[in-house]
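Spelled out from the first residue to the last, the chains are:
Protein chains: 2
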Amino acid sequence: MSPGGLGEFEFIERLRRRCDPNGALVRGIGDDCAVARVPAGELLLTSTDLLIEDVHFRTAWIDMHDLGRKSVSVNVSDVAAMGGQPLSLFLALGIPADLSLEDLDRFTEGVLSACRDYGAVLAGGDTCRSPRGLFISVTVEGAVPDGLQVTRDGARPGDLVWVSGTLGDSALALRELLAGRQPPEECLRRHHDPRARVELGRTLAAQRFASAMIDISDGLFSDLGHILDASGCGAVLRRDLLPLSPAFLEFQQHQPEVNDLALTGGEDYELLFTSPPQHAEAVRALATPDLPLTEIGQITVSTDGLRIVDAQGTLRMPTRSGFDHFA
Amino acid sequence: MSPGGLGEFEFIERLRRRCDPNGALVRGIGDDCAVARVPAGELLLTSTDLLIEDVHFRTAWIDMHDLGRKSVSVNVSDVAAMGGQPLSLFLALGIPADLSLEDLDRFTEGVLSACRDYGAVLAGGDTCRSPRGLFISVTVEGAVPDGLQVTRDGARPGDLVWVSGTLGDSALALRELLAGRQPPEECLRRHHDPRARVELGRTLAAQRFASAMIDISDGLFSDLGHILDASGCGAVLRRDLLPLSPAFLEFQQHQPEVNDLALTGGEDYELLFTSPPQHAEAVRALATPDLPLTEIGQITVSTDGLRIVDAQGTLRMPTRSGFDHFA
Numbered sequence: 006m007s008p009g010g011l012g013e014f015e016f017i018e019r020l021r022r023r024c025d026p027n028g029a030l031v032r033g034i035g036d037d038c039a040v041a042r043v044p045a046g047e048l049l050l051t052s053t054d055l056l057i058e059d060v061h062f063r064t065a066w067i068d069m070h071d072l073g074r075k076s077v078s079v080n081v082s083d084v085a086a087m088g089g090q091p092l093s094l095f096l097a098l099g100i101p102a103d104l105s106l107e108d109l110d111r112f113t114e115g116v117l118s119a120c121r122d123y124g125a126v127l128a129g130g131d132t133c134r135s136p137r138g139l140f141i142s143v144t145v146e147g148a149v150p151d152g153l154q155v156t157r158d159g160a161r162p163g164d165l166v167w168v169s170g171t172l173g174d175s176a177l178a179l180r181e182l183l184a185g186r187q188p189p190e191e192c193l194r195r196h197h198d199p200r201a202r203v204e205l206g207r208t209l210a211a212q213r214f215a216s217a218m219i220d221i222s223d224g225l226f227s228d229l230g231h232i233l234d235a236s237g238c239g240a241v242l243r244r245d246l247l248p249l250s251p252a253f254l255e256f257q258q259h260q261p262e263v264n265d266l267a268l269t270g271g272e273d274y275e276l277l278f279t280s281p282p283q284h285a286e287a288v289r290a291l292a293t294p295d296l297p298l299t300e301i302g303q304i305t306v307s308t309d310g311l312r313i314v315d316a317q318g319t320l321r322m323p324t325r326s327g328f329d330h331f332a
Numbered sequence: 006m007s008p009g010g011l012g013e014f015e016f017i018e019r020l021r022r023r024c025d026p027n028g029a030l031v032r033g034i035g036d037d038c039a040v041a042r043v044p045a046g047e048l049l050l051t052s053t054d055l056l057i058e059d060v061h062f063r064t065a066w067i068d069m070h071d072l073g074r075k076s077v078s079v080n081v082s083d084v085a086a087m088g089g090q091p092l093s094l095f096l097a098l099g100i101p102a103d104l105s106l107e108d109l110d111r112f113t114e115g116v117l118s119a120c121r122d123y124g125a126v127l128a129g130g131d132t133c134r135s136p137r138g139l140f141i142s143v144t145v146e147g148a149v150p151d152g153l154q155v156t157r158d159g160a161r162p163g164d165l166v167w168v169s170g171t172l173g174d175s176a177l178a179l180r181e182l183l184a185g186r187q188p189p190e191e192c193l194r195r196h197h198d199p200r201a202r203v204e205l206g207r208t209l210a211a212q213r214f215a216s217a218m219i220d221i222s223d224g225l226f227s228d229l230g231h232i233l234d235a236s237g238c239g240a241v242l243r244r245d246l247l248p249l250s251p252a253f254l255e256f257q258q259h260q261p262e263v264n265d266l267a268l269t270g271g272e273d274y275e276l277l278f279t280s281p282p283q284h285a286e287a288v289r290a291l292a293t294p295d296l297p298l299t300e301i302g303q304i305t306v307s308t309d310g311l312r313i314v315d316a317q318g319t320l321r322m323p324t325r326s327g328f329d330h331f332a
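Residue numbers (our numbering), protein chains in the order written: chain W, 6 to 332; chain H, 6 to 332.
Keep in mind that the hints are not guaranteed to be accurate.
To be verified - Partial list, computed: chain W residues near chain H (C-beta under 10 Å):
| # | residue |
| --- | --- |
| 1 | 45 |
| 2 | 99 |
| 3 | 142 |
| 4 | 146 |
| 5 | 219 |
No wet-lab data here; the hints were simulated from the structure.
Beta carbons are placed, not taken as given, at the ideal position from N, Cα and C, and that holds for glycine.
Chain W extracted, bound-state conformation:
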């Protein structure tokens, strides 16, 4: 039995009634498989994410509605990073006996609200009791016009490195939560309710502005490393140009050490992309007050590694080979 005394079938039926009847699907929740039509001429994109209680989240810190939204956003962010449009979401839930039906309802409301934000539908999933902790697995399917998908391996020496939004807010919030302090509200919102940059990703792909793209989940340094590994390139990154939010800047005045979080903190879910210099003005024109786009460096040859420099070009961190980002 599931929480609140609901059986599995009853829970699924509750959920099904709150979804669009089939939505864009040929068949939604309630059969052995969801059945969907991938738009003609488009490729299917799929990504899976795990969110495990006490590893990825603590229920004492995050509201269940936010957790539902975040579970969707972190997953959809992978589709955004390929330049695609999310279509269907699949939710697998291991539900501990002590989760109240009210909390479960708030969670699923959050899931459905984020799906609506991104134009996706909840198309299926699985639920069962979990003997130990809440376990969430989310799989998103999306589509991208064939040939427009933006992978990690297309960066070339000379390309500029861009990032959307601001960096480090989410990591700053986590740092404060772990220390038992109340984080700045704006940073906490970024940590609990990140937004996947779907529209930006689609535009960059459609205009063929991005040569490589990834979403920042592990942190700028680590995720840029993935692009460099896949593309066989190096990069030089201007540390002084990393975009920081007003809340982050204010916090940093008193605790300058948090500046590292913009480089190494995770869960920004901003888009990090490379783009040939001739597109620089056009890329800059895509920025909005809500979503700035910042040029933070340039791709170089692989033998350079990843170098972090300041405005004067002085090396501000060891080369990448000396930096263990698995630690």
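Using the hints, position chain H against chain W.
Then chain H, alone, in the frame of chain W:
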């Protein structure tokens, strides 16, 4: 960090090296999303399953290679039940610290071996440590020619009810394991390494023999109930015709009460389908020595409910409305 001191990236890299390079995919493991092409004129099928330690399996009972295979088969079985061909598999793993690297390797070998059996490729996933127990979430994508998908809602009064293979073996094995006894080997194999009936499902769909289909995961009684609910029908089921394996029959001689397991036990992963009577001979001709097909009843009008009768037509169980299959 993951088991055996492997980091997440290292584990994914190990796994990636053991997969077909991209296989049938445009892009496999190693980018934000897997990228695939759904065959022209085909619909996309997707299903997700959870397997949680101490809910769905006990590591003391099942070998890790079998667990890997079973995780794939139970998921692929949903694609088989729609008449589809599995294409891609996505694996999300929450890995406890005490799982050895050897066990993890055996698990992934099992996953890959089952993928090969079904003609699918491991296309992506997510891994992280689990603070408590092994947590497996599997998502399969498949395809079926548009219009040939077999759903649960197509049964019509007069259709015959068919089932593949034999029933109750898996449930018998579980019963014995729970009682601390050694199950018959054949039943244990069915419990630990069930086979998804992909070829049969595809044939039934391609020939348009099946009007409704489901795989038996919750038990014949419950899963036939899903077809009846979706189709708005009743059924009469001949209890004496349920196909039983030699091992099951031998066991039943000493413990006749296990006969119920063929009706209510779960995890058979056989195909349960309905078919208009004019196809009866053609359906019968699809049976093989390894995979019998048995006619076990007939669809009736919904007011009849689900009636279980013996060879003489005597009611052998309460009508469905009096039977709580959520319990």
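Results for each hint:
Interface hint at residue 45 (chain W): satisfied, since its Cβ lies 8 Å from the closest Cβ of chain H, which is below the 10 Å cut-off. Here the hint on residue 99 (chain W) is kept, as its CB sits about 5 Å from the closest CB of chain H, short of 10 Å. Among the interface hints, the one on residue 142 (chain W) holds; its C-beta lies about 4 Å from the nearest C-beta in chain H, closer than the 10 Å criterion. The beta carbon of residue 146 (chain W) is positioned within 10 Å of a beta carbon in chain H (closest approach about 7 Å), and the interface hint is therefore held.
At about 6 Å, the closest approach between the beta carbon of residue 219 (chain W) and any beta carbon in chain H falls short of 10 Å, and the interface hint on this residue holds.
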